[in-house]
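2 protein chains.
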Amino acid sequence: MSAARTGGPVHPSHAVLRPLGPDEIAITGGFWGERQVVNAQATIAHCQEWMERIGWIGNFDRAAAGTIGGSHAGIEFVDSEVYKLLEAMAWELGRSHDLELEARYNALVARIAAAQEVDGYLHTSFGRDGQPTRYSNLEFGHELYCFGHLFQAAVARLRTGYDDLLPQVARRLADHVYMVFGPTGRDAVCGHPEIEMGLVELFRITGERRYLEQAELFIARRGTGTLRGAAFGPFGQEYFQDDVPVRDAQTMRGHAVRALYLASGALDVADETADAELAAAVRLQWANAVARRTYLTGGVGSHHQDEAYGDDFELPPDRAYAETCAGIASVMLSWRLLLESGDAKYAELIERTLLNNVLASPREDGRAFYYTNTLHQRIPGAVPDEHELSHRAEASLRAPWFEVSCCPTNVARTLASVGLYFATATGDGVQLHQYGDYEISTTLDAGEVRLRVSSGYPFDGAVVVTVLQAPESEIALRLRVPGWAVDAALSEDAPLIDGAFEVRRGFATGDIVRLDLPVDARVTFPDQRIDAIRGDFAIERGPLVLALESVDLPEGWSVNDVEADPATLRSREGATELLVARRSPGEATWPYASDRPQIERETATARLVPYYAWANRGPSTMRIWIPGGS
Amino acid sequence: MSAARTGGPVHPSHAVLRPLGPDEIAITGGFWGERQVVNAQATIAHCQEWMERIGWIGNFDRAAAGTIGGSHAGIEFVDSEVYKLLEAMAWELGRSHDLELEARYNALVARIAAAQEVDGYLHTSFGRDGQPTRYSNLEFGHELYCFGHLFQAAVARLRTGYDDLLPQVARRLADHVYMVFGPTGRDAVCGHPEIEMGLVELFRITGERRYLEQAELFIARRGTGTLRGAAFGPFGQEYFQDDVPVRDAQTMRGHAVRALYLASGALDVADETADAELAAAVRLQWANAVARRTYLTGGVGSHHQDEAYGDDFELPPDRAYAETCAGIASVMLSWRLLLESGDAKYAELIERTLLNNVLASPREDGRAFYYTNTLHQRIPGAVPDEHELSHRAEASLRAPWFEVSCCPTNVARTLASVGLYFATATGDGVQLHQYGDYEISTTLDAGEVRLRVSSGYPFDGAVVVTVLQAPESEIALRLRVPGWAVDAALSEDAPLIDGAFEVRRGFATGDIVRLDLPVDARVTFPDQRIDAIRGDFAIERGPLVLALESVDLPEGWSVNDVEADPATLRSREGATELLVARRSPGEATWPYASDRPQIERETATARLVPYYAWANRGPSTMRIWIPGGS
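Protein sequences, first through last, are from chains A and B.
Sequential numbering from 1 applies to the first sequence in this note's numbering.
Sequential numbering from 1001 applies to the second sequence in this note's numbering.
It is worth saying that the hints were derived from the structure and are not from the lab.
Remember, it's a predicted structure, so these values are computed and weren't measured experimentally.
Treat the hints with care, since some could be wrong.
Pair by pair, the computed Cβ-Cβ distance ranges are [claimed, not checked]:
id, chain 1, residue 1, chain 2, residue 2, range
1, A, 450, B, 1600, 50 to 58 angstroms
2, A, 596, B, 1497, 23 to 31 angstroms
3, B, 1590, A, 182, 40 to 48 angstroms
4, B, 1130, A, 228, 23 to 31 angstroms
5, B, 1403, A, 573, 56 to 64 angstroms
Don't be surprised by glycine CBs; every beta carbon is placed ideally from N, CA and C.
Only chain A is shown next, with the shape it has when bound in the complex (with noise of 0.2 angstroms):
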């Protein structure tokens, strides 16, 4: 029951780079490594324990014995919590295989496979007795976006080799979803695009073209209207981007997880079906987002009442909502356009939002997380229950479990695959676009070629690559220098193609290629339109965004009170420091005046924090822009 271990996540038909499989990268430790022994000793199990604890795998089981009306667990999407949490295992054990994990793999899969029924349907709430009727609720029942989760977790059980019982539920599941929507079926959309992306990965691994054609169906209905339902109350067609269809829209909009697992779909959609409008429409609206509504931190989401993106430069820093899945979302948008286009940018990217946004949700620890990522948090958050359910945008520190709990198990599967979104290939080289320690095995055109990459990175800025293995004649080793490293440095000459040292030439085992990157502190000011912002400047180091955080200041200190001087940046032994002032203007009663109030200030050293990781410490209060950069 073995299949092909080629491709990550997703793997186009056509691309201009190819994504590296299991079989083909790995992460051997380092920074990236650390966080794959957290999540795997840690984040699987106590996804499944939580979702064991109460009740929502229980609820595939009450399903399987007929008696899940009235007594379902949770909200209508928890099924795929579990997906994902199946995906995270999957993926996890095509990195590391584990007897343990695997018989835990598949005790799990057997109990969602046995509420399968005869037709193929499979979902907790909806249409067994004393529950509401199949597709009865497209706008919020999430019946179609869970069913794409088990799909990509399908997916990750077949491209790590194992074509067994979940590819099998995958395909009856999509075989009915095509009785029930495809072309002579109804004409209709799940509220919450996912199963897009889920249908057309299906195809590319099975060669079923009836679930391109689905998906091709739901991307082309979309923007039509079809999402009627109840009101909508303060959403509208446009939470559910139904408001214009993909191809015309301008930019993202709407909540924010939606439109970019609807850009993904609409992405995979376009590059099977040489859909070239389809392309550059979702690629303007990626360039559009990403000029004018994302966060320093990649995160996205200016808005908590509907978790969408707010207007063009609306990016309040304290009301950030920059969901960890929208975060991961924007990770999986800009994968798939990097692999069709072969741009640095959506490598850059892809970085910057996963170490600052991404990684900002899980605890040291693995098992707590953030759901929204602010950028400015005012009060000291209270301390979560370890064992009670926390809503999702308090403020406190990271909760184990949430009511809508979406981030931990989205987490645990992007971590488990991390590695795969690190390089690629084409015919004739390997691509390089994230570092840290990693070892490539793959064949080009020429030959096999294996490489060890080792670096402290994001902490330092050297990257050694070491050829083990190479092919005899010449390959090309794209580097890729990030936009923020104007002085990289590399051991030999070799020019700077958009965005990327390309080093094109024999290689013998042993030999090194250096890259060095400056990864000094910077400043870094926002474009004036961000009027939340104006007159703050944040700082940087390499490409991790850093924080201000109060357990760094004096006692009694908040990082509301403060501001700074960017020229008083200094680096000290490793450690980003900054001279901050804390002002002090007095007790008014109205905080409107005609003259500017009369300020004493008195002055701290402050070392500066990774802003992912902050809230390990305490309750704090945190900013990441800091007033005075005017």
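Please build the complex by placing chain B on the supplied structure of chain A, with the hints as guidance.
Chain B in isolation, oriented as in the chain A frame:
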């Protein structure tokens, strides 16, 4: 069936200042007179027409007929809209008796009275066949909230001279509440405060102490965690002000209307029970919220998600909720505090909030409204359908009616009674708090006094008080001087005491006292701690906050791209103008950079408009805070 026409919406048993009743003060024309005419001729009928058409009034007929189960129109608190309409009608009838309005009023009251149950209970969403049981959802059911609005409507009827059907309904309902929630009844409160104010006022006018006792119980129970119900989602106990007892809270927090209605009711209870500690707590909450959580317009509410106060200094102009009803609630609280203390700061906030938040809601014709009142409109709003329900916080022009439509009726009752907030009396004199065209006729210790107040206010700063009748002995005439009017001049020598000129002398018929308030446009800067508007400035002119609207900019300009030097502020031909520069920062692919972008500028002179009048000339972008003040 006549009651005493004294006191307005509020008439404390003990207070420093005595409110004037509808026989004692009347607006005669001018700025406020025009608004009362539009309110009487358009808004009141508009509200009734809408609520007939969409069945909110019909709910009472169906309840009376026993057919309401399954056929209730609208959400659980639409009864309160009908009661606020009744209150508006009552004040309007007290102001200018109109036989046709009287007939409509009586017919409407009869339909409501017919729905009252034998034990006094009256709500169209609960308790009848096919409906949830009474008081089964105190968190969100709004039963007691609706009762409070009925009580206030009944008080308006009583204070305008009629002790007829609605007051009878109110007393039976209040008696029922005491039976169910009284000292020996259920230890519970309503999720939305409001009934407390209504009960105290009903006590004040009927003398029935049980109503005061009941209000005291509701205040004492709040903050003790009686609101449990289902998970509150994003809200939490703070949303309901059930997190901390009223007397222990330090500032306003949670849902803004709830917070301000609760504080108003608490102060009413404190004043009637001589509870100095409770009164001091409300004053502290007011002061802290005004100093740190209030927009320049007087609007409050920084969060869309829960219509709530934000943290201190969290006042984003583009995400300002600044709900019209919260502005009205703020006026209600400040009025109570003004009566209690005589402190001019409360009158000043009333003026600011009425002119710059409440008045921004109704369209010029009185037939469309803003539910929220943003301080920065980034995209031109849509034009709402005049025949469809709108969502409450859409980016649009003013809408005719909302799914949740608390604002139109709240505006109607406020404008119908607004003159009652303009002046007060004491034994020895009269205090003028707000300016416009109105007449006062009241009796002081020394005898009758009649005054005519004339002013082009808020556009013109000249206020002329003409004595129409005066007692022989000396009395004190106090004229409030707003904080911004630093060069205010009076036509005679008089001391400026606690924010008001006090003219204490004998007056003769025909005597004139003239106050000149300098209403030149002036620049206002924000407290540095309000991150969202750092480096910005606003323009105020007299009591009016001005706004920059794109219709006053060259074709194709948006307010999002402009900045200005506050020194270019000019007054010309009565208009306020500013030289604004449009920034063209070029098209960046990423809105953060190590260098400030090169910016090209083109300039234009723009007229500013009073904020309340914006969006009356078609879709536009608008901002109050203008970049360039640093």
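Quiz prompt | Violated hints - listed by number, lowest first | solution = Nothing - there is no hint that the structure violates, so all of them hold.
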